[in-house]
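Number of protein chains: 6
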Amino acid sequence: MDRIDGRQVNQLRPVKITRNYIKHAEGSVLIEMGDTKVICTASVEERVPPFLKGQGRGWVTGEYGMLPRSTEVRKVRDSSKGKVDGRTMEIQRLIGRALRSVVDLEALGEITIFIDCDVIQADGGTRTASITGAYVALVDALTKLLEQGKISRIPLNSFVAAVSVGIKDNTVILDLNYAEDSTCQVDMNIVMTEKGQLVEIQGTGEEKPFTKQEMEQMLAYGEKGIMELIKIQKESLGELANLIGVEGNGSGCSNQ
Amino acid sequence: MDRIDGRQVNQLRPVKITRNYIKHAEGSVLIEMGDTKVICTASVEERVPPFLKGQGRGWVTGEYGMLPRSTEVRKVRDSSKGKVDGRTMEIQRLIGRALRSVVDLEALGEITIFIDCDVIQADGGTRTASITGAYVALVDALTKLLEQGKISRIPLNSFVAAVSVGIKDNTVILDLNYAEDSTCQVDMNIVMTEKGQLVEIQGTGEEKPFTKQEMEQMLAYGEKGIMELIKIQKESLGELANLIGVEGNGSGCSNQ
Amino acid sequence: MDRIDGRQVNQLRPVKITRNYIKHAEGSVLIEMGDTKVICTASVEERVPPFLKGQGRGWVTGEYGMLPRSTEVRKVRDSSKGKVDGRTMEIQRLIGRALRSVVDLEALGEITIFIDCDVIQADGGTRTASITGAYVALVDALTKLLEQGKISRIPLNSFVAAVSVGIKDNTVILDLNYAEDSTCQVDMNIVMTEKGQLVEIQGTGEEKPFTKQEMEQMLAYGEKGIMELIKIQKESLGELANLIGVEGNGSGCSNQ
Amino acid sequence: MDRIDGRQVNQLRPVKITRNYIKHAEGSVLIEMGDTKVICTASVEERVPPFLKGQGRGWVTGEYGMLPRSTEVRKVRDSSKGKVDGRTMEIQRLIGRALRSVVDLEALGEITIFIDCDVIQADGGTRTASITGAYVALVDALTKLLEQGKISRIPLNSFVAAVSVGIKDNTVILDLNYAEDSTCQVDMNIVMTEKGQLVEIQGTGEEKPFTKQEMEQMLAYGEKGIMELIKIQKESLGELANLIGVEGNGSGCSNQ
Amino acid sequence: MDRIDGRQVNQLRPVKITRNYIKHAEGSVLIEMGDTKVICTASVEERVPPFLKGQGRGWVTGEYGMLPRSTEVRKVRDSSKGKVDGRTMEIQRLIGRALRSVVDLEALGEITIFIDCDVIQADGGTRTASITGAYVALVDALTKLLEQGKISRIPLNSFVAAVSVGIKDNTVILDLNYAEDSTCQVDMNIVMTEKGQLVEIQGTGEEKPFTKQEMEQMLAYGEKGIMELIKIQKESLGELANLIGVEGNGSGCSNQ
Amino acid sequence: MDRIDGRQVNQLRPVKITRNYIKHAEGSVLIEMGDTKVICTASVEERVPPFLKGQGRGWVTGEYGMLPRSTEVRKVRDSSKGKVDGRTMEIQRLIGRALRSVVDLEALGEITIFIDCDVIQADGGTRTASITGAYVALVDALTKLLEQGKISRIPLNSFVAAVSVGIKDNTVILDLNYAEDSTCQVDMNIVMTEKGQLVEIQGTGEEKPFTKQEMEQMLAYGEKGIMELIKIQKESLGELANLIGVEGNGSGCSNQ
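Residue numbers (the UniProt record's numbering), protein chains in the order written: chain F, 1 to 256; chain A, 1 to 256; chain D, 1 to 256; chain B, 1 to 256; chain H, 1 to 256; chain V, 1 to 256.
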C-alpha cells in the first residue's frame, strides 16, 4: 500500500519537540508530528483535589482543547456551547491516566500538576501527540519543583509516550494522519512505557471488526513508534533524562 | 488466587436475560450478571440525525445512566448537576459504536434506534452488561420493524457481546465484580463478535502497566466469556436467533 | 360510565409492594399500581443541608425521574437536556413535603434521608405511587438507623399515602391510568394520613372548572383509595408497622 | 385571633390595579395587594409553539420572576444561577394553567399570549396577585387584537382570580401577608371563576395535616376573597368587562 | 436638525428620581429619564467576596436586568436562556466600576453593597440612567450604615452620574432615546464626577468612524448633561448631599 | 518616568506579524507584541446569521479565548466552567465591531467571516493585539474569496488597528505590558483607522478619574502607536495592501 505522504507503513511522521514554549508555565512544550501541532503545558499548584486532602499524595490531571480553526472545518468553541463534548472528555481522562501511570504520587506530595494540551493545528493523532509532548513538559515542571527543594527526586518511574495505529485498506499502518484516520477501518491508540509495557490500549473496529492477528501487528508497530518517540523525548530533555526512574529509598507504587 | 465469590479465574457470574421487561419499548431487556442489573431498551424512531438526512441509511445510538442508589454510595443525579459526566459519556459512545459495528445501517434505512441502558443495581461490569443486554433488545426492536414490513430482513451481520477482564493480585480474571474492579491493577473491556473478532478493546493500567503476555491472556479469557454470553443471548432469543447474519442480496458493509 | 379496564369508578388498580428491591439502599421498594412501576429508595446520609446545620434536626428530600422509555413515546433524558423540567421539579418538591409531613425531624437528628423515585414503567399516577412506595422504603431505612442505635424510636407520626382522582366524562373516578389521565377534565392528587387528614391537595381544572360538590366527591374517593393503600403498606411492612406513631417522651412537632 | 395588621380573618388587604403601566406591552397592569406589588404584562405574538402548529388554536403561557431586592433578604438572580428554581417553575405553570382555563383557545386562533409577572415588592401572595392582575392585562391585550380585527370577539369564557388562604394558630385566615405565610401551618392557593367554580386548588400541610372541615372553611374564605377581587377587576376594566363571557356562535370548549 | 421629540441637540429628557421606592432595600430609587424607567436598589451585606477577605476593604458590585416586556419587542428572560448575554454583562461591569470609582472602599470596611438596576420600561439610555439612579440609592444605603454606626462617615469622594451622547445625521446629540439610538452613527456613554473628571468613556463608531473634533463635542455635551443630572441627584437627596466628599482623617485612595 | 522595560512613554513594544500560521484557515496570523502572542484566524462560511438572511449582506463576528496557561496564574477553562465570562464577552464584541467598522458588508455578500483570536501567551494588550492581527488575517481570507471569484473586490474601506494607552504614576504611557496594566490608574483601548478616525474608545478610571487634558494626551499617543501598527500591517501584507480602500462603483456604507 502506498501511503498518501509516501511513508512506510510503520514509519512515524517527522517529530519535533520545542521546550519552554510558553514563558509563564512551569513546563511547556510545542510538539509537532507532521502537521499536527499541540501546545502542552504543565502547571504546578500546591494543593490537591478534595478527595486527596491530607493523604500526603499528589495528583496529575489533564485537560485538552482544540482551537476553533485547528481543524479543516471550524469547530464551535466548547465554551460557546457551554459544555465539553464526549470526545474531549475521553481524551482528557486518557491524558490524565497515561501520565499518572508513571508518576509516584506519594513522592510528589500534596501537589497537583495540571496538564493542558491545546491543539493549534490538527492533522490526526492529536491525543497521542498530547501525551508524548505533555510528558516532556511534566519533566520540566518537576525539575523546577526539585530545584526549589519541594520534592527530593523526580518522581517518575519511567518514560511514557503514545502513538496511533490502525488498519486502512486491510493494511496495518502507524501514526495515521487525518486523511488516513478519517477513512480507516480500525483505529487504535497505544500508550506504552520505555520497557514496552502497556499503559493504555483503546482500539475500535466500528467499521470492521479485527482479528487477534491484526491486533498483534498493530501492537508491534505501536511499540516501534513509541520507542522512537521516547528516544526523541530523551534527546529533547538532554541531561534531565537521566533523572527519570531513579527511585528514592522506601519508594513507590511499582514496588508494592 | 481465591476470588471473593469463589469463582474460577475465567468464570462468568450467573447471567439472566429477561425479555419484554418494559411494555412501551419496541425492545426491552433486564440483564443480570451477578448483582449487576441493567434495563436495556431499544426505541425506534422513523427519522435520522441531521448529518444522515437523505442518505437512505439508519443510525443506532446509545445512552446510559445509573439510578442514584444503584451504587454503594448514592450518586448525585446527572440531571441535578446539569451535565453528563465524562465516564457516562465514554460509556454512551462505547455502547453506540459496539452495536453499530454489527448493524447494516443501509439495510436499516432512515430509522434511528435509541438504545437506553439504565443501571438499577451496580456491582461491576455495567457497561459490558449493557452491551450484551442491549443487543437482545435491539433484535426484538428490529423484529417488530420486520413484522411491520418496514425492513425486509434483520439487518444484523453478527451477534456481539461484551465482558470485562482484568489483573488483580497479578492474576488475570474474567468478569470482575465491584469489589474486584475497585482494587484491580489493570481493567479491560472487550467487545467481540461471535466469530471472535474484536469490535472494541479498552484496557488501562493506570495502577500498573501490563505486558503483552498478560494482554494475550486477558484476550483469551475475554473470548471465552463472550462466547458463553452469546450462547445465552441465543437461548434467550430462541428462534429469532436464526434471523441474524442472514444477508440480503448483494448488500451490506461487510462485503465491501 | 365504563372504565377502560373495567374497574369501578372508585376502585384502585392492583397494587404490589416489593421491599428490599435494590441491595445497596438502606430502604428500597418496587411499587406497582397496575402497569405503573416505580423504584423507590431511601438513602441515609449523616449530614444535613447548610440551612439546618447545628440545629439538631434532620431532613427528608425527594428526587424523581423517569427512564427514557418508561413512557409511550421516548422522553429525552433530563441529563442530556442539562436541566430538570418543571413537572419533575414539582413532583420532587411534592414528594419531599409529603414525607416530611409525617416525620418528626427533631427526633431524626442531624441526618438527611434522600428519597429517590425512579419510574421504570409509566401508566398514570407515578407521583402518587412514588409517595406511597417511598413511605415504605423510608420505614425500612429508619429501622436500620434504629437497629444501629442512631435514633431511639422510629420518628414517624403517622402512615401517609397518595392517590390521584379526577373527572372524566363528567364522572368522578379514582386512580386514573394514563389513558384516563390524558383525556380527563379535572386531575387531582391527594396525600393523606391514616387518620384521614390532608397533607397535600393539588387539583387542576384547566379543561373545565369544577364545583365544590365535585370536589367533595373527589375527596371521598381519594380517602377510600388512600385507606386501602395504607392497609397494603401495613401488610407489606408486617410487624414493623407497629413502630409507627409511637412517640417518645416530650417530643415532636405535632404536640406543639 | 388578632392579625398582625389588624384585619378580620376573612378580610383582603387593600387592592389596587393600575392599567397601562408599561407602554410597550399590549396589556400591562401594576397590581398591589397590601405591600405586594407585581407588574403583569400580556404580550401578543402571532405564532404558536411547535406542538400547536397548524391546528388553528392559540396559546397562553406564563412566566414569573422576582426582582432581586423585592424580598426582605436579597435573592440571587435566576439568570446568574443559570437556571430557574423549582418554586418559580411551579408558579409559572400555575399562572399559565389558570389563565388558559378561561380562554377559548380556538377562538383566539394561532396567536400566543405571553403573560409576564414580575414581582417588584413581595409581601406574601405574589402568585395569586399575579393571576388576578394578569387577567386584567390579558383583557387589554385581547381588546387590542379585537380592535385590529384579528379576533372577532374577546375569547374569554369567564372572569378568573386567585387568592391565598391558610391556617395560622389553628385559625383559618384569608390573604396571608409574608409574616403570616412564613409561620402558618397550612397554606393554600385557590383559583376560581366568577361562578365560584374551582380552576386550581393547591394546599399543603407540611407543618400540620388539615381536616376536611378546615378545608371547607378555607374554600369558603377563598371564594369570598375571589368574588371581591373579581369585582375590583371589573371596576378596573370599566366597560370592557361587558365583553367577557359573550360567546360566538356554536363555539367554545365549555359547550362540548 | 430637528429631534423626534423636539428637544435641543444638547437637552436632557425630563428626569425624575423617586427615593425609597422598594420597602425592603436599604436604598431604592425609581429613576425616569423620559420614558426610560429603572428601579435601582442598593443592598447591604456584611461580608466581602473571597478575593477581598481579611483586607479590611469593602466592595460594590452591580447587576442589571430588563423585564421581558420593558422593550418594544418582548425579550426572552435571561433565566430561561440559562445565561446572561454579553450586553448585560458589559453593563453590569460598567455599573460596578462607575460606582466603585467614587467609593472609598477602605472606609467602607468589610461590607458589600449590591447594586441592582432593573429596567421596567426602556427607551434608550438605560445603562446611564442606571448609574445615575443607583448613585442615589447607594447614598441612602450608606446613610443607613452611618446611622447604625457601622461606618463613621459616608465613604463617597464625589458625586457621579452618566449620560449617553451620539452622532445622528452627522449631528452630535445628548441623551438619545431609543428611536435615536437605534439609527445613530456613533454611540458614546460617559460617566463623570461632579468636578468634570472622566470615570468611563465608551464610544463606538461601528457605522461610521468619528473624528477627534466630533469626540470633543460629544464630551462637551456629555459634561453639560452630567452636571444637570448631578444637580437633580442633589435636589433629590436634600441635606444628605452635604455628606458626600467629606473625608475622614487618614483617608482614601485618591490621596495616594 | 522609567518604564519597566526601558521604553519611552510613547514607544510600542517590538511587533511581529507571521502570516499563514495555521494551514486550515483561510487567513491566519501569529501576532507578537512583546511577550503577548495571539493566533488570529479568519474563517469563511458561505451563510449568514438568521437576522441577516436574504438581505444580500455579509457579517463579521469575533471570538476570543486564552489558553489556560497563557497567563501567570493558570486560568480555569471557560469550557469547564460552562460559560464565557464577562471580560471575554466584552472583548469578543469589541473585536467584531472593530473589524465590521471597515468592512463593506454589502460588497461581501451573504458570507460570514469568523474571527478567532486565541491568546497563547499574555503580557498585556491582548485585545488590541487581537484586532491588529485579525485585520491581517481578514485581508488574507478576503483575498482567497476574491481569487475564487466569490467577491469582486476586497470589501475593506480602510486599514484599522488598535492599541492600549493608560496613566501610570500620573504619566500617560503607550502599549502597556501586564506589569504596567495591573498597576495603572487609567486604562484605555483605542481602535482607529489609517485616517486617524476613531472606531472605538473605551477608557476606565476606576482607580482615579482622569481629566480631559489627560484624555487628549492618551488619544495622541494612541494615534501615534496605531499609525506605526498600520505600517507594520502594510509591510506584512506586501502588495495585498494596495487592494484596501479601493471601492467598486456606487457602493459602500461610507458614501451614504
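Watch out, some of these pointers could steer you wrong.
The calculated lysine to aspartate or glutamate pairs, modelled on EDC-like cross-linking and capped at a C-alpha distance of 20 angstroms, are [unchecked claim]: (1) H/Lys16 / H/Asp35; (2) H/Lys83 / F/Glu45; (3) D/Lys212 / B/Glu110; (4) H/Lys75 / B/Glu235; (5) B/Lys75 / H/Glu207; (6) D/Lys150 / D/Glu106; (7) H/Lys83 / B/Glu206; (8) B/Lys16 / B/Asp2; (9) A/Lys81 / D/Asp78; (10) D/Lys23 / A/Asp181; (11) V/Lys234 / V/Asp85; (12) D/Lys208 / B/Glu223; (13) V/Lys144 / F/Glu194; (14) A/Lys168 / A/Glu32; (15) F/Lys16 / F/Glu206; (16) V/Lys168 / V/Glu110; (17) F/Lys144 / F/Glu45; (18) A/Lys81 / F/Asp78; (19) F/Lys23 / V/Glu72; (20) V/Lys144 / V/Glu45; (21) B/Lys212 / D/Glu223; (22) B/Lys83 / H/Asp85; (23) A/Lys208 / F/Glu72; (24) H/Lys234 / H/Glu216; (25) B/Lys144 / B/Glu110; (26) F/Lys195 / A/Glu207; (27) A/Lys144 / A/Glu110; (28) B/Lys83 / V/Asp85; (29) A/Lys23 / A/Asp181; (30) B/Lys81 / D/Asp85; (31) H/Lys83 / B/Asp78; (32) D/Lys195 / D/Glu235; (33) A/Lys83 / V/Asp85.
Note that these hints are calculated values from the structure, not bench results.
For each hint, the structure was consulted:
Our distance criterion of 20 angstroms between C-alpha atoms is met by H/Lys16 and H/Asp35, whose separation comes to about 11 angstroms. The suggested pairing of H/Lys83 with F/Glu45 is violated, with an alpha-carbon distance near 30 angstroms, which exceeds 20 angstroms. Proximity of D/Lys212 to B/Glu110 is assessed by CA-CA distance (about 34 angstroms); at most 20 angstroms being required, the pair is judged violated. A distance of roughly 31 angstroms separates the Cα atoms of H/Lys75 and B/Glu235; the hinted pair therefore is violated under the 20 angstroms criterion.
Taken as a hint, the B/Lys75 and H/Glu207 pair is broken in the structure, with Cα atoms around 40 angstroms apart against an allowance of 20 angstroms. Between D/Lys150 and D/Glu106, the direct Cα distance comes to roughly 13 angstroms. Compliance with the 20 angstroms bound is thereby established for this hinted pair. Distance check on the hinted pair: H/Lys83 and B/Glu206 sit about 34 angstroms apart at the alpha-carbon level, beyond 20 angstroms; violated. Simply put, B/Lys16 and B/Asp2 have alpha-carbon atoms about 24 angstroms apart, too far for the 20 angstroms limit, and the pair is violated.
Between A/Lys81 and D/Asp78 the alpha-carbon distance is near 10 angstroms, which keeps this suggested pair within the 20 angstroms criterion. A distance of roughly 18 angstroms separates the Cα atoms of D/Lys23 and A/Asp181; the hinted pair therefore holds under the 20 angstroms criterion. Between V/Lys234 and V/Asp85 the alpha-carbon distance is near 34 angstroms, which puts this suggested pair outside the 20 angstroms criterion. For a cut-off of 20 angstroms, the pair hint linking D/Lys208 to B/Glu223 stands: about 18 angstroms separates their Cα positions.
Under the criterion of a C-alpha separation no larger than 20 angstroms, the hint pairing V/Lys144 with F/Glu194 is inconsistent with the structure, at around 47 angstroms. For a cut-off of 20 angstroms, the pair hint linking A/Lys168 to A/Glu32 is broken: about 23 angstroms separates their Cα positions. About 32 angstroms separates the Cα atoms of F/Lys16 and F/Glu206, which puts this hinted pair outside 20 angstroms; it is violated. Restraint check for V/Lys168 and V/Glu110: the C-alpha separation of about 45 angstroms exceeds 20 angstroms, so the hint is violated.
For the suggested pair F/Lys144 and F/Glu45, the alpha carbons sit about 12 angstroms apart, so the restraint of at most 20 angstroms is met. For the hint linking A/Lys81 to F/Asp78, the alpha-carbon distance of about 18 angstroms falls within 20 angstroms, and the restraint holds. Among the hinted pairs, F/Lys23 with V/Glu72 is consistent with the structure: their alpha-carbon atoms are about 9 angstroms apart, no more than 20 angstroms. Between V/Lys144 and V/Glu45 the alpha-carbon distance is near 12 angstroms, which keeps this suggested pair within the 20 angstroms criterion.
Of the supplied pair hints, the one linking B/Lys212 and D/Glu223 holds, its CA atoms being roughly 11 angstroms apart against a limit of 20 angstroms. This hinted pair checks out: B/Lys83 and H/Asp85 have alpha carbons roughly 14 angstroms apart, not beyond 20 angstroms. The hinted pair formed by A/Lys208 and F/Glu72 fails the criterion: a straight-line CA distance of about 38 angstroms is larger than 20 angstroms. Only pairs whose Cα atoms come within 20 angstroms are accepted, and H/Lys234 paired with H/Glu216 is rejected, the gap being roughly 27 angstroms.
Between the alpha carbons of B/Lys144 and B/Glu110 the distance comes to roughly 16 angstroms, so the proposed pair stays at or under 20 angstroms and holds. The hinted pair formed by F/Lys195 and A/Glu207 meets the criterion: a straight-line CA distance of about 16 angstroms does not exceed 20 angstroms. About 16 angstroms separates the Cα atoms of A/Lys144 and A/Glu110, which keeps this hinted pair within 20 angstroms; it holds. The suggested pairing of B/Lys83 with V/Asp85 holds, with an alpha-carbon distance near 17 angstroms, which does not exceed 20 angstroms.
A distance of roughly 34 angstroms separates the Cα atoms of A/Lys23 and A/Asp181; the hinted pair therefore is violated under the 20 angstroms criterion. Among the hinted pairs, B/Lys81 with D/Asp85 is consistent with the structure: their alpha-carbon atoms are about 16 angstroms apart, no more than 20 angstroms. Under the criterion of a C-alpha separation no larger than 20 angstroms, the hint pairing H/Lys83 with B/Asp78 is consistent with the structure, at around 9 angstroms. For the hint pairing D/Lys195 with D/Glu235, the CA-to-CA distance comes to about 17 angstroms; that is within 20 angstroms, so the pair holds.
With a CA separation close to 19 angstroms, the supplied pair A/Lys83 and V/Asp85 stays within the 20 angstroms bound.
The structure does not agree with the numbered hints 2, 3, 4, 5, 7, 8, 11, 13, 14, 15, 16, 23, 24, 29 stated previously, though it agrees with the rest.
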